[in-house]
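Visitor: Please arrange chains B and C on chain A, whose structure you already have, making use of the hints.
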Amino acid sequence: MPEDNGNAQEKKGLSGLLDRPEIQALKEKVKGDVQAFKKPTKTDLFKSMFRVKHDETPRSRALGVLSNVFLHLHPAKVNRDAVAYNYTWGMGGITFYLFVVLTFTGALLMFYYHPSKIVAFRDILYLEHDVPFGKLLRNMHRWAAHLMIITVWLHMFRVYLTGSYKKPREFNWLVGVILLVLTLLLSFTGYLLPDDQLGFWAVTVGTSMARATPLLGHEGPFGPELGMTQFNDVRFALLGGSIVDSNALLRSYIWHCIAIPIIVSTFLVVHFWRVRKDGGISGPSPVVLEGEIKPERKI
Amino acid sequence: MDWAQIWEIAVTPDNVPITALLFLAPFYTWYGLRQAFANDRLIAQLEASPEMAKTHHRKVQAWKPGWAREVHTWPYLLRIEFLALLIVTAILMVWSITLDAPLEEPANPNLTMNPAKAPWYFLGLQEMLVYFDPWMAGVVLPTLIIVGLMAIPYIDANPLGAGYYTYRQRKWAIWTFLVGFLGLWVSMVIIGTFIRGPGWMWFWPGVTWDHDRLVFEANRDLPDLVGITSMAGKSIFGGFVSLLYVAGAGWAFHKLITRPGFNRKIYERMNILQYVTMQLLLILMLSLPMKMLAKLVFRIKYVWITPWFNI
Amino acid sequence: MPESSVQNQVSAGADGKGTGAPEAPQPQKAKPWQRVAGLFSKDGTPADMVATRRRFVGASVVGFLIVNLLMFLRFFFPRALFEPKTSFRIGYPADFGFGVDTKFQQQFRVWVVRNPEGLFVIYARCTHLGCTPDWKPSENKFKCPCHGSGYDSEGINFEGPAPRPMDRANVELDPEGQIVVDTAKLYQWPKGAPTQFNDDGAILRV
Numbered sequence: 001m002p003e004d005n006g007n008a009q010e011k012k013g014l015s016g017l018l019d020r021p022e023i024q025a026l027k028e029k030v031k032g033d034v035q036a037f038k039k040p041t042k043t044d045l046f047k048s049m050f051r052v053k054h055d056e057t058p059r060s061r062a063l064g065v066l067s068n069v070f071l072h073l074h075p076a077k078v079n080r081d082a083v084a085y086n087y088t089w090g091m092g093g094i095t096f097y098l099f100v101v102l103t104f105t106g107a108l109l110m111f112y113y114h115p116s117k118i119v120a121f122r123d124i125l126y127l128e129h130d131v132p133f134g135k136l137l138r139n140m141h142r143w144a145a146h147l148m149i150i151t152v153w154l155h156m157f158r159v160y161l162t163g164s165y166k167k168p169r170e171f172n173w174l175v176g177v178i179l180l181v182l183t184l185l186l187s188f189t190g191y192l193l194p195d196d197q198l199g200f201w202a203v204t205v206g207t208s209m210a211r212a213t214p215l216l217g218h219e220g221p222f223g224p225e226l227g228m229t230q231f232n233d234v235r236f237a238l239l240g241g242s243i244v245d246s247n248a249l250l251r252s253y254i255w256h257c258i259a260i261p262i263i264v265s266t267f268l269v270v271h272f273w274r275v276r277k278d279g280g281i282s283g284p285s286p287v288v289l290e291g292e293i294k295p296e297r298k299i
Numbered sequence: 300m301d302w303a304q305i306w307e308i309a310v311t312p313d314n315v316p317i318t319a320l321l322f323l324a325p326f327y328t329w330y331g332l333r334q335a336f337a338n339d340r341l342i343a344q345l346e347a348s349p350e351m352a353k354t355h356h357r358k359v360q361a362w363k364p365g366w367a368r369e370v371h372t373w374p375y376l377l378r379i380e381f382l383a384l385l386i387v388t389a390i391l392m393v394w395s396i397t398l399d400a401p402l403e404e405p406a407n408p409n410l411t412m413n414p415a416k417a418p419w420y421f422l423g424l425q426e427m428l429v430y431f432d433p434w435m436a437g438v439v440l441p442t443l444i445i446v447g448l449m450a451i452p453y454i455d456a457n458p459l460g461a462g463y464y465t466y467r468q469r470k471w472a473i474w475t476f477l478v479g480f481l482g483l484w485v486s487m488v489i490i491g492t493f494i495r496g497p498g499w500m501w502f503w504p505g506v507t508w509d510h511d512r513l514v515f516e517a518n519r520d521l522p523d524l525v526g527i528t529s530m531a532g533k534s535i536f537g538g539f540v541s542l543l544y545v546a547g548a549g550w551a552f553h554k555l556i557t558r559p560g561f562n563r564k565i566y567e568r569m570n571i572l573q574y575v576t577m578q579l580l581l582i583l584m585l586s587l588p589m590k591m592l593a594k595l596v597f598r599i600k601y602v603w604i605t606p607w608f609n610i
Numbered sequence: 611m612p613e614s615s616v617q618n619q620v621s622a623g624a625d626g627k628g629t630g631a632p633e634a635p636q637p638q639k640a641k642p643w644q645r646v647a648g649l650f651s652k653d654g655t656p657a658d659m660v661a662t663r664r665r666f667v668g669a670s671v672v673g674f675l676i677v678n679l680l681m682f683l684r685f686f687f688p689r690a691l692f693e694p695k696t697s698f699r700i701g702y703p704a705d706f707g708f709g710v711d712t713k714f715q716q717q718f719r720v721w722v723v724r725n726p727e728g729l730f731v732i733y734a735r736c737t738h739l740g741c742t743p744d745w746k747p748s749e750n751k752f753k754c755p756c757h758g759s760g761y762d763s764e765g766i767n768f769e770g771p772a773p774r775p776m777d778r779a780n781v782e783l784d785p786e787g788q789i790v791v792d793t794a795k796l797y798q799w800p801k802g803a804p805t806q807f808n809d810d811g812a813i814l815r816v
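Protein chains in written order, with the numbering used here: chain A, 1 to 299; chain B, 300 to 610; chain C, 611 to 816.
In case anyone wonders, no lab produced these hints; they're calculated from the structure.
All C-beta atoms in this analysis are idealised placements derived from N, C-alpha and C, irrespective of residue type, glycine included.
There may be inaccurate statements among the hints.
What the hints assert, rightly or not - Listing some non-contacts, in silico: residues in chain B with all C-beta distances to chain A over 12 Å: (1) S395; (2) L398; (3) P405; (4) M412; (5) A417; (6) F502; (7) W508; (8) R519; (9) V525; (10) S529; (11) L555; (12) T557; (13) P588; (14) M591.
To be verified - Stretch by stretch, here's where chain C covers chain A in the computed footprint (C-beta under 8 Å, at least three residues): (15) 67-74; (16) 200-207.
With the rest of the complex left out, here is chain A (with noise of 0.2 Å):
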């Protein structure tokens, strides 16, 4: 416009500057971003990241569970009446949920502890005294272990009362009960750890029972007739020696922090396939009734 133009020109300083056309483009142009940095759902950056819609259309929230690598874990949709948590109690969730309280703590500890008969000890009063919050970090581990082998075993006792160990389901309740052993045994390893008189004992007494196993220790029937000795049988394997030293430590700590874990996420791995292959949450589901049974096939 040749007025603007003549005005532009005439006008001298900042505010002239400002009137030109160029810099009113421009100014409508840093509106126009600003205007899309408030729909954040929008921009480039979220969609790189999130690749699914996130608004509330069915598609979406099927997409929304389906496309994450995390949540994927589920199916799309689940029973109706399996979200009421009377049905599940929800006890495998929450002991999953422990299992990476425990992981993200332990890995934590591991930051100011030494696994050797020297300064175990001592490490422990270090974190609990002059490391901030480690009193606390140390509390949230030993209590979420114990919280986790009672949830584990309710998982259990509902799995069961549920009748969700029959067919198709057998071979999962038999991964569940390795899972349950080795929970036992994460948290075993784990007693000796802070070398203190509690857990020393309790391992000595846990071990010596190792010694009486039979054919394997050298006090269980028939070990000796074998060649068992304290310095060869399962005791033995276990503690690294006859005594539980600095030996049994290190090798507690190591099947404490690395090789329990490692099996157990295998096993954990396995327990989730095949509950969404056996066809997801067992129920509820409708009853049936007695004179209802088919009759067995014979092989």
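Guide: For chains B and C alone, coordinates are given in the frame of chain A:
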């Protein structure tokens, strides 16, 4: 009644889970059985009325034709899982802030605490050591418990109750599990925590734990009670008694499972292998309370003595 | 109102806007605990409270996570350390002659140097990347094996990548007359900056 003693045991940090278990175990048993009885009432209704059996959706939860049978995981399942996560985290944080994890004196191989107890989940095993030798209580029985648990789905020939709580359709399964889990396992843990004091001596709740209490309880062996002195005699006698027990227990279980109260149809569906496995596991399970009775009431330590092992 | 797919139309409330719980009618609220639970259930709370509750829960969760994050970060800085002492005694001034003395290099990582001006202690850390140089008496220089930095007999750099002379440790005389060295207090001569080597603690004028 020494309430302070009970309190002291109950709030020892490492015993707090048992104290919690004292409430949680009965609560969840009630919670599960309550739903079982509700389902059983529905089953009774359906069995009484064939039309209802044809048209009913077969659950106690409400449903009308046209309602979706499934709901989206997001938001319904995930939000309640999130709620559970919040509650568990809150419990854990409060517990961790108020109660400190125990740390006793540094490990000293020359000084054992009295009592020296295993962690609470192994207290059941430690209590069993009173009644059986270590190879049995510490190795054989735990292994059989684990194997027995694993075998459950394979010896359970009852197709009913898969996916819903029920009592009347699974009485045998529920009773055997409750006896084994609550009756034996949980109560052994409770005995180990609250009743076993210094020297692993028996202290009834409310009795102060006295380290100097003298106990004059000489053990006796069953063969000695009957007057057998030779080793061969003891071995044969013990074997005979054990066989008698196995036979008696087996007969008792057989009679139980074939009672009209328990579903005979299930028993008829079991094949030989399932039946034998079930019997073996139940007989072994029963041997524990039998041995407890023998030891606690009759002061009998061994029933079967051989040169190689004692039971 | 977002679209619902055809098959979901009959289950209005179970899907769609997400404000409805799965459509299972609540049992008769006779028991007290159920009334309390009603406070927390969608159907029991008035619609206007839902958004407030959602904000409260959301804020609590976020607040909790932020507090945990701060605790997590603070966790990595212990309040007490058990590291070797940095302050130690090396004897009397009379024990040292002119020149470089390597007597305490292994034990404390220092060289004691004496010249007509006085006695000072060089902290044996190359100012390039922290290796320990070697004293080469035959060449009358310190030479760092890592990248070849060279320092003269008083620790002043003259060759190689070292940016400045080697630092000197604080020296004092204790009441007995022994020299007390403190390697936690170092004196530097950065390039282009005034030297600290003439400060009070940097040299003992004996």
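Visitor: Would you mind marking each hint as holding or not holding in the structure?
Guide: These are the hints, each one checked on the structure:
| no. | hint | verdict |
| --- | --- | --- |
| 1 | S395 | violated (4 Å) |
| 2 | L398 | violated (7 Å) |
| 3 | P405 | violated (5 Å) |
| 4 | M412 | violated (5 Å) |
| 5 | A417 | violated (5 Å) |
| 6 | F502 | holds (20 Å) |
| 7 | W508 | holds (17 Å) |
| 8 | R519 | holds (23 Å) |
| 9 | V525 | holds (24 Å) |
| 10 | S529 | holds (21 Å) |
| 11 | L555 | holds (19 Å) |
| 12 | T557 | holds (17 Å) |
| 13 | P588 | holds (21 Å) |
| 14 | M591 | holds (19 Å) |
| 15 | 67-74 | violated (count 0) |
| 16 | 200-207 | violated (count 0) |
Taken one by one, the earlier hints fail for this structure at numbers 1, 2, 3, 4, 5, 15 and 16, listed in ascending order.
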